[in-house]
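Here the protein sequences come in this chain order: A and B.
Just so you know, my numbering puts the end of the first sequence at 121, numbered straight through with nothing missing.
Just so you know, my numbering puts the end of the second sequence at 368, numbered straight through with nothing missing.
There is no bait here: all hints are sound.
For each label pair, taking beta carbons as the anchor points, the in silico distance ranges come out as: (1) B/Ala169 with A/Ala101: 41 to 49 angstroms; (2) B/Ala177 with A/Gly92: 29 to 37 angstroms; (3) B/Leu276 with A/Ser98: 44 to 52 angstroms; (4) A/Ser81 with B/Phe199: 25 to 33 angstroms; (5) B/Gly181 with A/Arg38: 14 to 22 angstroms.
Simulated from the structure, these hints should not be mistaken for laboratory data.
Cβ atoms here follow ideal geometry from the backbone N, Cα and C, with glycine treated the same way.
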Amino acid sequence: MPPRETNPNFMNGVPELLILRLLQMDEMYGYEIVQAIRTRTDAVITVGEGVVYPVLHALERDGALKSRRKTISGRSRIYYSITPAGSLRLAGLSQSWSNLASAIQKMLSGGQHGQSIQPTA
Amino acid sequence: MASPFNQLRERLLRAGVAPQHVRRYLNELADHFNDLRAEEERAGRSAAEAESAAFARLGGTDDLANAMIAQRQFQSPFRSFCVRAPWAAFGLAPVLLLAAGYLVACSILASGWSIFLSGSETPFVKVSGIAEVYFGIGRMLYLASPVLIGWAITLVAARQQLKLLWPTIGLLLIACIGAGAQVHASRSTTVSSGIPLGATHVVLSLNAANASKVLAISPWHAATILTLTVLPYLVWKLRSAIIQPTS
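Here chain A stands alone, though its shape is the one from the complex (with noise of 0.2 angstroms):
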């Protein structure tokens, strides 16, 4: 049986978090993004690997990313790196991310959770 894809509704702005988190350490081209993800979350987080473009182009298009085309090995391809714009919106997404995690948590736990999550920008 072929690995099930990750839920959809639940990924809004977790592909955007995870690239921009790998960007922060590396420039990358999206076949090394996408294996990079794979490795990282374990398989946890699987989807279809051409997806990874459009947000990509998108991130770049906002002024998160920018990119160069550099030949290696013969092979001309599109590195990606990260901004000070996008390491603002990696800040924002993260943060985001900790209180909705640490809510859901919570939730699962049985507690009780007092502090509201604030949507960024």
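Following the hints, complete the assembly by docking chain B onto the known chain A.
Here is chain B on its own, set in the frame of chain A:
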């Protein structure tokens, strides 16, 4: 490999994604596909199995198309304009463009007449050298404008997979105007209201007033323009129909 990406390309263009974003997306997908196939082959799969696995990992056409279409900022503003106001995009704009083309052509004729044929009663005489090139540019622009604008209409309509009603109206309009347009050139023989004697006049008119002439000549001219504009589109459609099943 070409077929799934061709389907994706068509789907994205029809959905209004700007062609430059479609091109870049498909290029990166093709690179990604090659990496996946190589990875699968390294894992010991046969070429056919590796290709099939690579496609599965890349994502289906629906998923790949929806992911791009969901990014509204990649929609082409021109496509949106064509959908919102087809009468303007395919009716008004081509007529204005044709008028601009004719204006430039008439300006070339008038200026060429003043520069190279200042003593002549008409600019429609045999010329040579630079004058021939100069008038040739104007004549070429005059004759080619309807065809070039018609090509632009069919290109936009075909690439963006638009409904054919307004593009067809636009093509008919351009063909009729192109067939009916006539250039008249004269030189003033008297001094009147500040216009000096011998000043050149170049006037563009439509011969629609002359019903017999329209019926006798213009339909053939209009049909020629229409054929020239639609022919590349028909050839392209035929070629696509022949290539599609084998790819």
